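Keeping their order, the protein sequence lines are chains S and V. Under this note's numbering, the first sequence has 259 at position 259, and the numbering climbs by one with no breaks. Under this note's numbering, the second sequence has 1649 at position 649, and the numbering climbs by one with no breaks.
Please keep in mind that the hints were generated in silico from the structure rather than gathered at the bench. Quick caveat, the model's predicted, so the values are computed rather than measured. Please note that the accuracy of each hint is not assured.
No farther apart than 20 Å at their CA atoms in a straight line, the calculated lysine to any residue pairs in the SDA-like style are these [what the hints assert, rightly or not]:
(1) Lys1183(V) x Tyr1163(V)
(2) Lys1278(V) x Leu94(S)
(3) Lys1267(V) x Ala1312(V)
(4) Lys1183(V) x Glu213(S)
(5) Lys1562(V) x Arg1488(V)
(6) Lys1278(V) x Thr466(S)
(7) Lys1278(V) x Ser427(S)
(8) Lys1133(V) x Phe259(S)
(9) Lys1315(V) x Glu543(S)
(10) Lys1045(V) x Val1377(V)
(11) Lys1183(V) x Gly221(S)
(12) Lys1081(V) x Met202(S)
(13) Lys1183(V) x Met202(S)
(14) Lys1081(V) x Pro1046(V)
(15) Lys1315(V) x Asp89(S)
The following label-pair restraints were derived from C-beta to C-beta distances [stated by the list, open to error]:
(16) Asp1182(V) x Ser427(S): 44 to 52 Å
(17) Arg214(S) x Gln1396(V): 45 to 53 Å
(18) Arg218(S) x Gly1446(V): 32 to 40 Å
(19) Gln1525(V) x Asp452(S): 34 to 42 Å
We put the CB at the ideal spot given by N, CA and C, even for glycine.
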Amino acid sequence: MLIGLLRTYLRPYKQPLLAVVALQLVATMASLYLPSLNAHIIDNGVITGDTGYILTTGAWMLLVTLVQIGCSASAVYFGARTAMAFGRDVRAGLFSRVGEFSAREMAHFGAPSLITRNTNDVQQVQMLVMMTCTMMVSAPIMCVGGIIMALRQDLGLSWLVVVSVPALVISVGSIVRRMVPQFRAMQTRLDGVNRVLREQLMGIRVMRAFVSEREETRRFGVANADLTATALRAGRLMVLIFPTVMLILNASSLAVLWFGAGRVDTGQMQIGSLTAFLMYLMQILMSVMMATFMAIMIPRAAVCAERIRDVLDTRSSVLPPIAAAADVPAVGEIEFTDVEMRYPGAATPVLREVSFRALPGQTTAVIGSTGAGKTTLVSLVPRLFDATGGAVLVDGVDVRDMEPEALWRRIGLVPQKAFLFTGTVASNLRYGDPDADDDALWEALDVAQARDFVEAMPGGLEAPITQGGSNLSGGQRQRLAIARALVRRPQIYLFDDSFSALDLATDARLRAALAPRTREATVVIVAQRVSTIADADQIIVLEDGLVAGKGTHDELLATCPTYQEIVESQLSLQEAA
Amino acid sequence: MSTPVTAAPARPVHAPPPRPAGGGPFGRGPMGGMGMPAEKAMTFKPSAKRLLRRLSPERGRVAAVLVLAVLSVSFAVAGPKLLGRATDIIFAGVLGRRLPAGITTQQAADAARAAGHGNIADLLLGSGVVPGKGIDFGALSTVLLWAVALYLAASVFSWLQGYLLNDVVQHTVLRLRSDVEDKLHRLPLRYFDRQPRGELLSRVTNDIDNVSQTLQQTMSQLLTSLLTVVGVLVMMVVISPLLAVVALVSIPLSVFVTTQIAKRSQKLFVAQWANTGKLNAHIEEAFTGHELVTVFGRQREVQQQFEARNEALYKASFGAQFVSGLIMPSMMFIGNLNYVLIAVVGGLRVATGSLSLGDVQAFIQYSRQFTQPLTQVASMANLLQSGVASAERVFQLLDAEEQEPDPAEPEFPTDRHGRVEFEHVSFRYEPDQPLIDDLSLVAEPGQTVAIVGPTGAGKTTLVNLVMRFYELDGGRITLDGVDITAMRREDLRSQIGMVLQDTWLFGGTIRDNIAYGSPDATEEQIHAAAEATFVDRFVRSLPDGYDTLINEEASNVSVGEKQLITIARAFLSEPSLLILDEATSSVDTRTELLVQRAMSALRADRTSFVIAHRLSTIRDADLILVMEAGRIVESGTHDELLDARGAYYRLYNTQFRGPVQNDADQEPAPAAR
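Working from the sequences, and respecting the hints, build out all of it.
This is the structure:
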């Protein structure tokens, strides 16, 4: 997964990546060259007392150092650019993929998860690329280079490399390997602590009302202790790494001195070579250690990459037609013929054998208990989902054969949850029609009974709307959402339980004002209450995904038992009063 | 020259081992060190001190950590000096072997001087050479064995220190978390009204998490780094003051370079995080409003905005990563510069005999150990700042004013009838906006008192006052003749059962949720409560029955069913006083009927306050209070009020003349008033 993602998205950056490798190669070689030069200073300068040699070699070392920093800095430049561009591209890829998603895929992943994948997950992988470019590339070069150089200094001591490198890899590796599951467990435990705190904040009144502070403290205490226990375990492993590494490095250096001394004494090795060998061994071990450390990052990045690929590999279940049907005049007629809708993995369809026609100038109401499939039914018209059986036709054309833009242009949707975008009142209303002038906006606000409060807001139409519309009350949000649909002047209005947050007087005024405005259009209203829809031209009663009745209020009262039940339940509510 | 490494392994500047925990939507990720959102503590020092003070319960262990750290660093720092001795012995052996045996060192030096090699003479005199003798392996092994012992001790002490410190940090964080949780229970509700929930949540989760990370990542390293700097400095001066001066030049240089880079990268990081935030906001909005974006055909615009922000983030983060990425090569450069200087100057000094080769080698090591902790401290500065900023936010929470403590000698009503009386009660959320003014009323035992009125009239406030969620500004409220402020809150509230507008269930089984507030309830009692409130019916149809887990999505339980569970909960707690804040906005009418029936069962023989949005539900109340703007404008029974043709009559007519609408206009949070 990780490799695949990297391969796909790093392909355009082959050249800078090659540059990174080349630059790191030069930089590493330069830093590997320094101990050799130092050995020369000792053997040819210090021992012979040749100060001139010391100075010229010193100057040469400085030059090498300059080359090294130049190359490292350039490698960082290309590395950072590539890694960040990689992140940008993956984000863009994800974002546009999600843009194509239908409501089904959105529901499958869930918006919060998609947001995390699009931001945090990408960042994890991006950092891995960055670290690889700046450090991980140089680790193997350093390791191999160090070994070659060390062997060039003295072959006789090479067995020290053979012993110390695996010792380091095995000891650090085994600690790191044990740490990974602890870290994973810690994440879960941390979620647990946060969940309890979250619940406490949300339910503070209930908590106090039920005098459950002590129980809550206990619940929290358990989660807290769990987290601490895991954190302690992870921490105890972590604190092992540093002393272990320190010990292995130091033990290796002592061994080099001891065994090296023997070889120096017998003249098999020069003293300068001894110290150079020591330094190379250290460089080798450091690079091995760094690589091991970086290895901790990989499992996490791999999980992120998997989550990213999951999204990228998901194709929308609602695709635009390959060859769109010719545009037909927009009238707004809706027809469902024997529609079935089944969510993936669900045992029973949410909708079955649903057939009806909704005509322009008429109001079609959909009623039924929660979970009867009302919202799903409405969602089929703008193709938020595609029916799994039968067909949905708008103006006589199957919606699946229609140019999506043409379809959407016909529809004004007011969803159950009145969602507003960050911006201003005007920018939200112009979601309906970017070209609408202020008069048109005010007109829509008038109908939606929103003029008063918009006028009272500082800036009027230009008043800011915070994210999700959180600076407005539920009723105000709902009225703006209705106005937004009105600005669009569509042929089809879909109101999905859109009047629930309005007080009675406002609701009555709004619907009175709405009537003339929607006279020519097809209106579909989803509602809970009989009284809302009693005067609709056509009422569709849904029960467990089936059409249990279809007709006017009076017809249904006479013929449809489900409708009678609903009416009775509402009457008895009134009766109970 | 040799460089056994004794200081911390060169940690990449911004790659601490992967953060074990990722709080918050943007976790810190492996950006760790340098990549923090630039939040600066307003008062760094006091907060940092306070954070350190929180370690005080672990005093003993902290002292042990300090002692162990000093020991481990001292041993580690002494190491190179010993290795230097070893090199000297080898070097002396090499020189000695070249000289003929039987002469003294002085003779050899004189001979060299006579031959015109003055500096070799000095070298010989300076290095303890015995002419004709090779390497003294006996001496070498002694030195190396000492070094083994020293390094072993350093590692063991370092491990013990880390182990203890880990315990100290984890326990400190554990205490901090539970202190915060305790505090939540002592804060007045007013506090929660003022604080946006997301913000508060972030304090108790993300900020504490950040503090924990910071303590963990910095404490150990900071301690070792600082001690190492001191120790190394001492050793360097001891070996050669001249070389120490040469090496010390690198300190201001590295500090200067690091601060210059950090200053710039800090700004760029701010830009990076600001852009991240902007992009995050855009993505969140686009995904949350996905169906609207689709149906309103705005995908293209949304995509364009995304691309602009994505590009801005790319530019900002590239800048930040590049500039901060320069720290490592720069420090490496300074380190190498230092290395070259010491090699050259040291080589010259050895050649003139004023310094031993081993000392120069030791010196090179020391100078490496010197620049490295400096780099680490520099890279930790940001992390530390951000951690202290978080600590400060947590401390603010801990310092927030608490609710009045319960009376020392609490009273308790002798008879539990459930008679509630308001005597000239005045209350306001905001000092300048009186909400309830001189309100008096009596709810006799067993009565149902309904409160109706428009949004914002103060209906919910009234019951909040009975629960003593808020303190009165004037007058008093009594329960069975006892002033509620004279009772312990716990005693007061345990007599009251409450069903709220929002159906709050916690993540646990249905059984646990019903038994919430009555932890001693038996299985039979739970079932009885569930049956009386129509919960039993649907629970039985669930595959796991009462063991069904309620999760945050709670897709297995509908809103109406949730509401029924909260009613069962109130039923089980057997209160003498009931408060029902109607919540049926998204419940279909057939479920609502059940809810209504369950609530009637609950109300029987109990004094109850019913807040009603819909008048149909309260027609048979014993007393109906019509509230407007914090005052009771009318009171009486349904029929009396209808006959009076006043506010209630008008309200009633709008509801029953027009369509029966689902009026779910919830009262806004008190803070918004």
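Here is what the structure says about each hint:
1. Between Lys1183(V) and Tyr1163(V), the direct Cα distance comes to roughly 30 Å. Violation of the 20 Å bound is thereby established for this hinted pair.
2. At most 20 Å may separate the alpha-carbon atoms for a hinted pair to count; Lys1278(V) and Leu94(S) meet this at roughly 17 Å.
3. A C-alpha spacing of about 15 Å is found between Lys1267(V) and Ala1312(V), which places the hinted pair at or below 20 Å, so the restraint holds.
4. At roughly 11 Å between alpha-carbon atoms, Lys1183(V) and Glu213(S) fall within 20 Å of each other, so this suggested pair holds.
5. Of the pairs offered as hints, the one joining Lys1562(V) and Arg1488(V) is violated, with about 30 Å between alpha carbons and a cut-off of 20 Å exceeded.
6. Of the pairs offered as hints, the one joining Lys1278(V) and Thr466(S) holds, with about 13 Å between alpha carbons and a cut-off of 20 Å not exceeded.
7. The straight-line distance between the Cα atoms of Lys1278(V) and Ser427(S) is roughly 18 Å, inside the 20 Å bound, and the hint therefore holds.
8. A distance of roughly 18 Å separates the Cα atoms of Lys1133(V) and Phe259(S); the hinted pair therefore holds under the 20 Å criterion.
9. The hinted pair formed by Lys1315(V) and Glu543(S) fails the criterion: a straight-line CA distance of about 55 Å is larger than 20 Å.
10. Simply put, Lys1045(V) and Val1377(V) have alpha-carbon atoms about 17 Å apart, close enough for the 20 Å limit, and the pair holds.
11. Straight-line distance between C-alpha atoms of Lys1183(V) and Gly221(S) comes to about 14 Å, which keeps the hinted pair within the 20 Å bound.
12. Using a Cα cut-off of 20 Å, the hinted pair Lys1081(V) and Met202(S) is violated, with the two alpha carbons roughly 62 Å apart.
13. Taking the CA atoms of Lys1183(V) and Met202(S), the gap is about 15 Å. The hint holds against a cut of 20 Å.
14. The hinted pair formed by Lys1081(V) and Pro1046(V) fails the criterion: a straight-line CA distance of about 40 Å is larger than 20 Å.
15. A threshold of 20 Å between alpha carbons decides the hint, and for Lys1315(V) with Asp89(S) the separation of about 13 Å falls inside it, so the pair holds.
16. Restraint check, Asp1182(V) to Ser427(S): a C-beta distance of roughly 45 Å satisfies the suggested window 44 to 52 Å.
17. Distance hint check: the CB atoms of Arg214(S) and Gln1396(V) are about 26 Å apart, inconsistent with the given range 45 to 53 Å.
18. Between Arg218(S) and Gly1446(V), the C-beta spacing of about 35 Å keeps the proposed range 32 to 40 Å intact.
19. At about 52 Å, the CB distance of Gln1525(V) to Asp452(S) disagrees with the hint of 34 to 42 Å.
Going through the hint list in order, the structure does not satisfy hints 1, 5, 9, 12, 14, 17, 19.
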